[in-house]
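> Please construct the entire structure, taking both the sequences and the accompanying hints into account.
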Amino acid sequence: MHGFANPKRFLTLASLLTPLLLVGGLLVSAAALYWGLFHVPPDRLMGETVRILFLHVPAAWLGMGGWSAIAIASLVFLVWRHPLAALAARAAAVPGLVFTVICLATGSIWGRPTWGTWWVWDGRLTSMLVLAFLYLAYIALAQAAEREGVSARIPAIFGLLGAINIPIINRSVVWWNSLHQPPSITMGKSAIDGEFLAPLLVAVLGFSLVFGGVVLARMRALLADIQAEARLRRRAMESA
Amino acid sequence: MMREALDQWDFVVAAYAVGIVGTLAMVAWAWIDMKRAEKRRAESRRK
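Line order of the protein sequences matches chains R and S. Those letters in the first sequence? Residues 7 to 246, per my numbering, in order. Those letters in the second sequence? Residues 1487 to 1533, per my numbering, in order.
Treat the hints with care, since some could be wrong.
Computed beta-carbon distance windows for the label pairs [stated by the list, open to error]:
| id | chain 1 | residue 1 | chain 2 | residue 2 | range |
| --- | --- | --- | --- | --- | --- |
| 1 | R | A146 | S | L1510 | 22 to 30 Å |
| 2 | R | S245 | S | V1499 | 54 to 62 Å |
| 3 | S | W1515 | R | E235 | 14 to 22 Å |
| 4 | S | I1506 | R | P47 | 28 to 36 Å |
Rather than coming from a laboratory, the hints here were simulated on the basis of the structure. Built from N, CA and C at the ideal position, the CB exists for glycine as well.
Right, dumping it as structure tokens:
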């Protein structure tokens, strides 16, 4: 793992993987959504709105997965001081926020015909909204730290502390009364019929590949910006 | 009893529009920003 902390080796691998993950992920996601939209029967209770879950569930998974990635990368940065780990944490923030917002929006659209309301202030929805605000705060903090030349340890500590919200989101439907249904998929078990589960898992795979591709693209952009900035600064000092 | 006449497909289409447009916009932005940054780095090498 330490070998990939070398920026040159990382760039060689990322140049190959970025288009593969993005194109492959978009194709797999499109196939899963087409499957869910046109080949899955309506659900006995939810009717046609069950099709929204093929978008909502991967978005929820990646919203939480994005912050888990930030926390793990922040820990690696704090312990081993790998600069690429700090970049990886920053790179996961925007896609994590986008998927959290998609999760909240599609959940709200699903809730209107199913629950009869766009929004309720229950544990699951509120903790997911808190996650969106944590992402916004993290992005602002990481940008401010870079602009002011402050140590990247501050956003890394915030990334670790914010991870407290992930088990709260996960267990919220068990701890508190909620309109949201309890977990349908747990370790090795699923309450979802195979006809719905198969396209759902393909959608989770497809969107996860897209997420991976976007994180690599963001890491390459951040790394290129840092290297260009350092070179221009060095030149300016030499000519002064 | 009053009953709302909701067409469920309207909600499905709205949710898919939000999800697909959001995902494609994010992918396009990440790709364009990466290319811009890498071009800037290449130019800084030449200068």
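> A separate judgement is required for each hint: does it hold in the structure or not?
So, going through the hints one by one against the coordinates:
1. R:A146 with S:L1510: 22 to 30 Å: The hint (22 to 30 Å, Cβ to Cβ) holds, given that R:A146 and S:L1510 are roughly 25 Å apart.
2. R:S245 with S:V1499: 54 to 62 Å: holds (59 Å)
3. S:W1515 with R:E235: 14 to 22 Å: Given range 14 to 22 Å: holds, Cβ gap about 21 Å.
4. S:I1506 with R:P47: 28 to 36 Å: violated (22 Å)
Hint 4 alone, counting from the list given before, is not met by this structure.
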